[in-house]
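Protein chains in written order, with this note's numbering: chain A, 12 to 218; chain B, 12 to 218.
This list has only true hints and no planted wrong ones.
One copy or two, it doesn't matter: identical chains are merged, so the pair holds either way.
Lysine to any residue pairs mimicking SDA-like chemistry, simulated, CA-CA at most 20 Å apart:
hint	residue 1	residue 2
1	K132	D111
2	K90	V209
3	K90	Y217
4	K160	Y216
5	K132	N104
6	K160	Y217
7	K71	S56
8	K90	L218
9	K90	F80
10	K61	P18
11	K90	Y216
Calculated directly from the structure, the hints in this document are not laboratory data. Since this is a predicted model, take the numbers as computed values, not measurements.
Protein chains: 2
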Amino acid sequence: MAKQQIPDIVIGRLPIYLRALNYLIAEGRRITSSQELGDRLGISSAQIRKDLSHFGEFGKQGTGYDIVFLRDQLQQILKVDRVWDVALVGAGNLGKAIADYPGFVGRGFMITAIFDVDPAKIGRPMGIHNVIVQHVDELAATIQARGIKIGIIATPAEHAQGVARTMAEAGIRAILNYAPITIAVPAGVYIQHIDPVVGLQRMTYYL
Amino acid sequence: MAKQQIPDIVIGRLPIYLRALNYLIAEGRRITSSQELGDRLGISSAQIRKDLSHFGEFGKQGTGYDIVFLRDQLQQILKVDRVWDVALVGAGNLGKAIADYPGFVGRGFMITAIFDVDPAKIGRPMGIHNVIVQHVDELAATIQARGIKIGIIATPAEHAQGVARTMAEAGIRAILNYAPITIAVPAGVYIQHIDPVVGLQRMTYYL
Numbered sequence: 012m013a014k015q016q017i018p019d020i021v022i023g024r025l026p027i028y029l030r031a032l033n034y035l036i037a038e039g040r041r042i043t044s045s046q047e048l049g050d051r052l053g054i055s056s057a058q059i060r061k062d063l064s065h066f067g068e069f070g071k072q073g074t075g076y077d078i079v080f081l082r083d084q085l086q087q088i089l090k091v092d093r094v095w096d097v098a099l100v101g102a103g104n105l106g107k108a109i110a111d112y113p114g115f116v117g118r119g120f121m122i123t124a125i126f127d128v129d130p131a132k133i134g135r136p137m138g139i140h141n142v143i144v145q146h147v148d149e150l151a152a153t154i155q156a157r158g159i160k161i162g163i164i165a166t167p168a169e170h171a172q173g174v175a176r177t178m179a180e181a182g183i184r185a186i187l188n189y190a191p192i193t194i195a196v197p198a199g200v201y202i203q204h205i206d207p208v209v210g211l212q213r214m215t216y217y218l
Numbered sequence: 012m013a014k015q016q017i018p019d020i021v022i023g024r025l026p027i028y029l030r031a032l033n034y035l036i037a038e039g040r041r042i043t044s045s046q047e048l049g050d051r052l053g054i055s056s057a058q059i060r061k062d063l064s065h066f067g068e069f070g071k072q073g074t075g076y077d078i079v080f081l082r083d084q085l086q087q088i089l090k091v092d093r094v095w096d097v098a099l100v101g102a103g104n105l106g107k108a109i110a111d112y113p114g115f116v117g118r119g120f121m122i123t124a125i126f127d128v129d130p131a132k133i134g135r136p137m138g139i140h141n142v143i144v145q146h147v148d149e150l151a152a153t154i155q156a157r158g159i160k161i162g163i164i165a166t167p168a169e170h171a172q173g174v175a176r177t178m179a180e181a182g183i184r185a186i187l188n189y190a191p192i193t194i195a196v197p198a199g200v201y202i203q204h205i206d207p208v209v210g211l212q213r214m215t216y217y218l
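Given these sequences and hints, build the entire structure.
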């Protein structure tokens with residue numbers, strides 16, 4: 012089945028399913044159902060069955076899903092059955108929190124390169140993998156030399172677009188942007204924005 | 012016009028428009044167009060005009076939008092023409108980065124209460140407003156006493172659901188959850204999840 016036939020909104024739910032399956036595994040569970048997954052996630056069981064049906068037949072009516080099998084399948088579909096090197100730009104408070112975050116490991120990602128412009132940070136280890144912070148001037152060469160495909164931007168807003176351009180030109184294909192500004196990327200480069208205020212403002216409307 | 016007639020996906024784009032308008036104001040601009048906004052945001056101008064038309068007539072064909080006026084209108088619609096107190100639970104690396112984040116101020120939010128269970132953190136000031144960290148046992152009473160309506164969860168995953176329950180019972184109406192787990196909230200309480208790995212996995216599918 013051609014990938015372009017699957018709506019992006021379906022792809023966006025797969026990581027949520029994968030996360031829930033990993034929690035079930037941690038709880039020692041072996042079999043689940045679309046009903047149970049749906050109850051945990053606030054998504055209808057019909058939606059879950061429909062989403063998964065895009066990729067094949069993962070469960071049988073009445074017997075449910077084998078959790079480990081479904082987890083492995085989703086990891087393959089999302090291409091996180093491997094570990095992706097990630098380049099992080101910005102080693103301030105936010106960058107430090109990202110580098111210290113233990114949740115990447117085991118979910119397909121490892122921050123293996125960190126960049127900043129602050130002489131006080133460059134040359135020092137940062138994060139749970141003790142990555143030595145490099146000057147941002149070395150960003151493009153490092154991405155190219157190591158074939159890094161994924162970048163995280165945690166710079167002030169005014170530097171984010173420039174960093175994204177450098178990343179894309181050096182071969183980065185997917186960018187997670189924490190800077191509070193919308194960034195343009197060339198065709199073939201994917202970007203996701205994380206801005207807590209956007210999340211909050213989306214809710215205050217309803218209060 | 013009744014609020015329930017406006018799709019949530021439209022509401023979700025309004026904070027993006029608001030953010031772009033604030034950047035235009037910072038650049039000294041006075042008038043913009045749906046075309047310019049769309050080019051900046053990677054959204055079609057027709058979509059922007061349609062989204063805004065839900066709320067009234069903000070611009071005239073050929074003359075564009077008065078940026079300050081549209082900004083003020085969007086702030087009113089999103090109810091961020093005021094400052095909301097926010098209670099943050101979790102004062103680890105992530106919580107510290109959130110408390111230090113300068114991007115809340117001026118966009119409708121101020122973290123005015125911070126909670127943790129670590130005796131080394133309780134009683135000490137944290138973040139750009141030097142909020143004294145309290146024990147999480149004081150969470151419910153503080154929310155009630157101050158009428159706080161918005162909470163941010165930055166705890167380990169295993170504590171997030173319990174914190175959300177306490178928040179909701181004490182009167183919190185909107186929760187921004189950074190813990191990497193899907194949390195259930197009662198009807199009438201809104202929740203948005205921020206999980207960087209979900210954002211990354213959504214992109215690796217396409218690589």
